[in-house]
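**Student:** Residue strings, one per chain:
There are 4 protein chains.
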Amino acid sequence: MDRMSKDAQAEFETCGECAARLHHWVEQHKKYTSEGKCAEYIPALRYANQEALGVCIIGYDGEIIKGGEADIVFTMQSISKVISFMTVCMARGISYTLERTDVEPTGDPYNSIMRLELKKPARPFNPMINAGAITVASFLPGGTKEEKFAALLDTLEKLLGRRPTVNEKVYTSEKKTAHYNFALAHFLKAGGYLECEVEDAIEIYLKQCAIEVTVEDLAKIGLVLACDGFHPLTNKRLLPLEIARLTKAVMLTCGMYNASGKFAAFVGAPSKSGVSGGIMTAVPPRQHKATPFHNGCGIGVYSPAIDEAGNSAAGVKLLQHISTKWELSVF
Amino acid sequence: MDRMSKDAQAEFETCGECAARLHHWVEQHKKYTSEGKCAEYIPALRYANQEALGVCIIGYDGEIIKGGEADIVFTMQSISKVISFMTVCMARGISYTLERTDVEPTGDPYNSIMRLELKKPARPFNPMINAGAITVASFLPGGTKEEKFAALLDTLEKLLGRRPTVNEKVYTSEKKTAHYNFALAHFLKAGGYLECEVEDAIEIYLKQCAIEVTVEDLAKIGLVLACDGFHPLTNKRLLPLEIARLTKAVMLTCGMYNASGKFAAFVGAPSKSGVSGGIMTAVPPRQHKATPFHNGCGIGVYSPAIDEAGNSAAGVKLLQHISTKWELSVF
Amino acid sequence: MDRMSKDAQAEFETCGECAARLHHWVEQHKKYTSEGKCAEYIPALRYANQEALGVCIIGYDGEIIKGGEADIVFTMQSISKVISFMTVCMARGISYTLERTDVEPTGDPYNSIMRLELKKPARPFNPMINAGAITVASFLPGGTKEEKFAALLDTLEKLLGRRPTVNEKVYTSEKKTAHYNFALAHFLKAGGYLECEVEDAIEIYLKQCAIEVTVEDLAKIGLVLACDGFHPLTNKRLLPLEIARLTKAVMLTCGMYNASGKFAAFVGAPSKSGVSGGIMTAVPPRQHKATPFHNGCGIGVYSPAIDEAGNSAAGVKLLQHISTKWELSVF
Amino acid sequence: MDRMSKDAQAEFETCGECAARLHHWVEQHKKYTSEGKCAEYIPALRYANQEALGVCIIGYDGEIIKGGEADIVFTMQSISKVISFMTVCMARGISYTLERTDVEPTGDPYNSIMRLELKKPARPFNPMINAGAITVASFLPGGTKEEKFAALLDTLEKLLGRRPTVNEKVYTSEKKTAHYNFALAHFLKAGGYLECEVEDAIEIYLKQCAIEVTVEDLAKIGLVLACDGFHPLTNKRLLPLEIARLTKAVMLTCGMYNASGKFAAFVGAPSKSGVSGGIMTAVPPRQHKATPFHNGCGIGVYSPAIDEAGNSAAGVKLLQHISTKWELSVF
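Chains as they are written, first to last, in our numbering: chain A, 195 to 525; chain B, 195 to 525; chain C, 195 to 525; chain D, 195 to 525.
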């Protein structure tokens with residue numbers, strides 16, 4: 195709340211009813227945590243509090259409302275793919291980036307490799323599946339893996355107002371079992387789709403997955419995306435409009451793993467999930483004057499029990515409920 | 195123009211500048227017809243005028259602007275998949291329908307069969323690829339193929355204000371070379387995903403593909419979808435809100451064949467294309483007051499030379515230009 | 195026994211011991227019938243006697259030994275693929291035939307379609323999977339489906355000394371549920387791999403599957419193949435040597451569905467199975483003088499309970515035992 | 195010739211006519227070298243003499259005939275897969291080995307990965323494709339990569355009478371471009387199909403590929419396999435009969451990459467090829483008394499220009515010719 199303007203404070207008070215409702219909805223949706231399971235393949239994620247559910251919404255005027263376990267720190271995992279994609283687009287240009295990864299949804303699991311073999315050349319289908327994200331990580335600007343990773347942190351620092359930390363334990367834990375990612379990276383290297391060595395690309399990719407955030411952080415990034423790259427509170431443009439739009443489109447079509455179609459249908463707001471249970475959502479402005487946040491907002495959700503597709507089980511249900519009640523859908 | 199109210203007429207006059215611009219853009223984009231080719235596999239489509247490009251936009255208040263060859267009558271082809279999907283959703287309910295076809299994009303060509311073999315049960319991935327559309331056609335309400343097809347025409351009649359005709363020559367021509375569709379239909383029948391016999395499902399599906407429309411027809415349907423199922427000129431609700439939203443989401447993620455991701459990124463409005471060269475677009479209302487059609491509009495485009503993915507080559511370019519200039523994107 | 199020469203009769207007496215052993219082995223292996231299940235997808239096959247196991251071996255000099263339920267009449271199913279392949283090779287030539295079907299094993303289930311989509315042109319991989327067999331059936335010599343099927347019966351009549359009958363009940367039963375085969379046939383037709391209409395190709399193919407035989411019939415055909423196309427008892431050449439060799443090679447690499455590799459490893463004699471539970475084996479002459487049938491033999495086995503790959507469960511076990519004891523392997 | 199007995203020497207003289215014929219056939223088939231190309235992806239192989247063609251045949255009694263460039267030293271490449279497979283079978287037992295790799299042909303290119311993703315568990319289909327060979331390499335007996343590789347050399351030393359050397363230049367060259375193999379190895383590691391670390395498995399596998407041999411070496415190994423593991427000249431059993439038979443079956447069904455079916459049809463003798471242009475063939479004894487080498491023989495062929503499937507172009511043609519003339523087929 196500290197970074198908000200006076201006017202935003204005022205608005206926030208009137209938003210008290212929204213906060214009360216959100217609190218109620220979170221309580222109602224906690225039961226859905228039992229429909230998921232914490233990710234097993236990354237040992238460090240296995241021990242999260244399976245029943246947690248937290249949410250944060252930040253509106254155009256800086257109003258913030260939170261609900262549930264909103265203070266838990268967790269790792270970004272696949273949500274970081276959005277940041278690396280935007281960073282590469284900004285550094286290299288959109289067309290350079292899209293020559294190295296398409297933006298087509300696939301219907302395949304996120305770590306699938308077979309499409310790289312079936313279609314020549316083996317360009318990854320989109321930057322939200324692991325194949326595309328590893329390619330993108332390798333093309334981060336910089337001559338070394340340290341510089342490349344720093345470039346990604348720079349983007350995050352601009353968006354969050356602080357330089358985030360890496361959870362080394364999660365990073366180390368993931369690296370030990372990252373065989374599917376190594377397989378993808380070697381395949382991509384063979385096809386000329388990595389700018390650096392396989393080991394370096396994987397290190398950058400796994401480090402970005404292990405960056406620590408809160409739901410408020412995700413809501414902040416979501417808000418900037420919702421506002422086409424413009425930060426409404428600081429009055430600064432943080433991302434070029436074209437890149438913000440492109441990123442939202444990719445999030446909507448590819449962001450929720452192979453449940454992206456259903457999420458688009460029943461939530462309808464550009465979102466990206468991670469296997470740690472986080473979801474970052476950007477809600478563009480709409481015409482519905484009567485609904486809260488009609489000028490756009492960012493939402494962060496966290497609930498570590500994930501469903502079969504890899505999305506937070508309770509998180510998806512909660513977003514669907516909020517979207518129905520407050521008309522968040524872009525459609 | 196005859197169905198428009200007085201006020202709409204007035205608005206239209208002020209829209210003269212828009213019409214002029216659109217006319218200019220159409221002329222500018224005709225050159226892209228050379229980047230596509232008329233569909234070869236359906237003999238009757240092969241002889242279309244390869245250089246034609248026509249467009250029609252209808253706004254919330256009934257204002258209509260047209261450009262290029264806007265009077266050509268062509269067959270709906272895959273655009274009809276939108277109509278059959280909505281008809282089945284209305285008749286059977288959304289959840290019944292989605293049990294028979296998922297709404298996930300695939301990244302595969304529209305007539306692909308392999309995913310039906312790879313994933314059990316062999317539920318089609320979405321209603322915009324042929325597999326899903328054939329399933330949906332078979333579940334149209336009615337006990338016979340005639341009744342099922344009539345149900346689809348009923349929906350179209352409601353939307354268009356007239357009962358459209360079937361181009362028998364195109365229908366007959368397609369039936370002769372419909373082997374991939376027959377293959378899909380038999381596979382679906384084996385898995386229990388057809389309500390009627392294979393022959394009947396194919397007949398309904400190919401007949402719906404051969405329904406004749408103009409770009410104005412497509413714009414009308416697009417407008418109703420843009421307005422969440424409500425017809426702004428007649429003040430009647432023609433489609434339930436939930437079904438209109440679901441349909442727009444499916445169009446955005448799956449509507450432009452395996453180029454849907456790129457189209458979402460660079461046009462950003464729910465659309466459905468057909469191999470005859472038509473594209474139907476629904477533009478939901480946006481906040482950008484300064485742009486034309488900010489209260490939403492429907493767009494119909496026709497240009498028969500299609501690109502590799504099966505979308506009208508010049509049509510896609512023109513829509514991208516209009517979207518950039520007039521902010522049509524939902525993102 | 196009636197068609198055997200005097201000398202063969204004599205030899206047969208000395209073969210009494212072999213017959214006794216075979217009888218014993220059949221009894222020992224009946225227990226493996228419980229490891230399979232009668233084919234479910236063809237209603238008429240579902241009601242076979244699940245516990246039956248019968249075998250017949252015919253040697254170079256005409257000696258015949260039998261064991262178990264050796265008199266049951268059953269339908270050839272996929273074993274007929276061997277006959278149609280040889281018929282087309284004889285009528286059209288080997289190179290003409292192999293341009294329409296390759297002879298490469300696939301590792302896929304017999305009714306798989308995805309490889310036809312993945313590899314262009316969509317030439318079937320081998321004539322022992324359904325795709326290849328339907329193509330081959332369509333290329334049987336003759337201008338009508340009746341003539342084509344008659345050509346196949348002609349080959350069988352030459353080999354068996356009688357014109358076999360078609361089990362109409364099985365044929366009708368299969369046709370009703372032949373959707374996967376229809377899907378394959380339409381795909382093949384689209385690619386130019388059928389000489390006749392889809393309906394006709396399927397009719398011929400399903401009729402050949404429904405031809406009735408006994409284990410003695412299979413042993414006779416196996417013997418002629420073992421002898422490179424020469425009938426040792428009638429002293430007539432029934433098949434050209436090159437076609438007999440080619441056919442045996444295809445049987446060894448592709449004849450036992452996607453368990454052909456294991457069967458080659460542990461039985462090692464060219465064989466073809468059918469889902470009705472029959473197996474036809476050709477054992478070429480070997481140098482091992484001390485073993486029975488070292489001049490080559492044909493074997494027919496029947497046991498309707500089939501394993502996951504589609505091969506007779508007890509039949510495979512019995513053949514493995516006989517091969518080990520009597521050195522039937524070509525390796 | 196030095197290791198042959200006196201009698202074998204005598205026999206060899208009478209084999210003069212065979213040698214003359216072979217010499218003639220080699221000359222005739224040199225032209226087919228132009229139908230292939232030296233492997234490009236391994237830099238060190240690119241510079242082989244594209245027009246070379248050499249052959250060596252060793253018969254049951256030790257008779258040796260050679261033709262063409264029979265003294266060139268080349269690397270085993272995939273032919274080494276036969277040696278590692280036999281070594282693991284001997285050390286761990288057949289059933290232990292087959293639990294870790296099946297013996298089914300696939301129809302896929304040798305470095306294909308998609309089947310590992312499609313079929314669960316991701317057991318390699320056979321030990322002659324790279325996936326299976328890397329698994330087998332990791333299961334060589336020994337606690338370190340050095341011990342494991344030594345075990346493979348031990349087998350080769352027994353078979354060749356000398357300990358072969360590794361071409362370090364080829365090994366280093368392959369390692370640099372081994373991304374597809376690393377991708378396979380990581381996938382296999384993820385599925386539990388490697389006994390050692392990925393790096394070690396690849397090192398062993400690439401070292402075995404770089405072992406240097408001549409066509410005479412290949413003929414010697416082929417002869418021992420032809421004789422079911424028994425060395426006819428030293429009167430020693432070098433391999434258990436069951437393992438020799440199994441290996442020959444796997445060579446016949448899977449040994450010539452995805453042209454194994456055609457090779458079985460038109461050559462018909464168990465063989466294994468490598469991308470360096472070598473082919474090792476085992477010809478089991480046959481009954482045809484009138485033909486040379488009817489007691490079995492081993493054949494080594496070398497011609498570095500390989501065809502699309504990865505087999506020596508002229509080598510395959512030459513073997514087909516020899517097989518037709520001297521009846522080498524097992525069928």
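No lab work stands behind these hints, which were simulated from the structure alone. Hints may contain errors.
Copies of the same chain are indistinguishable here, so a pair counts whether it falls within one copy or spans any two.
[What the hints assert, rightly or not] Pairs of lysine-lysine residues, derived as BS3-like cross-links and limited to a Cα-Cα distance of at most 25 Å, are as follows:
1. 430 x 369
2. 339 x 231
3. 339 x 369
4. 370 x 314
5. 231 x 314
6. 352 x 370
7. 369 x 483
**Student:** Tell me, which hint numbers fail for this structure?
**Tutor:** 1, 2, 6 and 7
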